[in-house]
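> Sequence:
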Amino acid sequence: MMRFAAIAASLCLGLAALSSAATAADFGADRHVARGLKCETCHGPDMKNPNYPDEKTCLACHNRDDVAAKTKALEPNPHKAPHNGDCTLCHMQHEPEVNYCEQCHQFNFKMKNGAK
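Residues -24 to -1, 1 to 92 (mature numbering (1 follows the signal peptide of the UniProt record, and there is no 0)) make up the sequence shown, in order.
No wet-lab data here; the hints were simulated from the structure. Do not rely on the hints blindly, as some may be mistaken.
Within a straight-line C-alpha distance of at most 16 Å, the following computed EDC-like cross-link-like pairs (lysine to aspartate or glutamate) qualify [as the list claims (entries may be wrong)]:
(1) K32 with E16
(2) K86 with E73
(3) K88 with E71
(4) K88 with E73
(5) K32 with D62
(6) K56 with D41
(7) K88 with D6
(8) K56 with D42
(9) K56 with E31
(10) K86 with E51
Pairwise CB distance ranges, derived in the manner of DEER restraints [stated by the list, open to error]:
(11) K24 with E78: 31 to 39 Å
(12) E31 with P72: 18 to 26 Å
(13) N84 with K32: 29 to 37 Å
(14) K86 with P21: 32 to 40 Å
Computed from a prediction, not measured in an experiment: that's the story for all the values here. C-beta atoms are modelled at their ideal positions from N, C-alpha and C, and glycine is treated no differently.
Generate coordinates for the entire structure from the input sequences, incorporating the hints supplied.
Given below as structure tokens:
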């Protein structure tokens, strides 16, 4: 019985690790870390009281025209929108992306994480 409990516990831990790894790939923060950026790059030097990144933070590294060019195949291109909302409305980095445009519009494009 003890051996069964140990095997079950190992299985649960393994599945939990796989589950978090699968969802972590949806988050932009992981892509930033993979490129060598540190939390302080976007959140500032005081990690006890981190800044919440805004559009200005994103645009320090991501040129708006370059981002629009990368998504030019989408119709309509969400990065060429007349409203041009803050980047963090869709790209939250520590949570799955959302299609903020869908609150008012019905566009047929998906986010990187598969969200519509």
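> For the pair we were handed, K88 and E73, check the Cα-Cα distance against 16 Å.
Distance ~8 Å between K88 and E73 Cα, so the pair holds.
> Confirm or reject the claim that K86 and P21 have a C-beta distance inside 32 to 40 Å.
36 Å, holds
> Taking 16 Å as the top limit, are the C-alpha atoms of K56 and D41 close enough?
8 Å, holds
> Given the hint that K32 pairs with E16, test it: the Cα-Cα distance must not exceed 16 Å.
15 Å, holds
> Take a quick look at whether K86 and E73 sit within 16 Å of each other, Cα to Cα.
10 Å, holds
> Quick check: does the Cβ-Cβ distance between N84 and K32 fall within 29 to 37 Å?
31 Å, holds
> Please work out if K56 and D42 have their alpha carbons no farther apart than 16 Å.
Within the cut-off at roughly 11 Å; holds.
> Please work out if K88 and D6 have their alpha carbons no farther apart than 16 Å.
13 Å, holds
> Is the Cα-Cα distance between K32 and D62 16 Å or less?
Holds, because 9 Å separates the two Cα atoms, which is no more than 16 Å.
> Does the Cβ pair K24, E78 satisfy 31 to 39 Å?
36 Å, holds
> Does the alpha-carbon distance linking K86 and E51 stay inside the 16 Å limit?
11 Å, holds
> Please verify whether K56 and E31 have alpha carbons no more than 16 Å apart.
Given that 16 Å is the threshold and the Cα spacing comes to 15 Å, the pair holds.
When each numbered hint is compared with the structure, no violation occurs for any of them.
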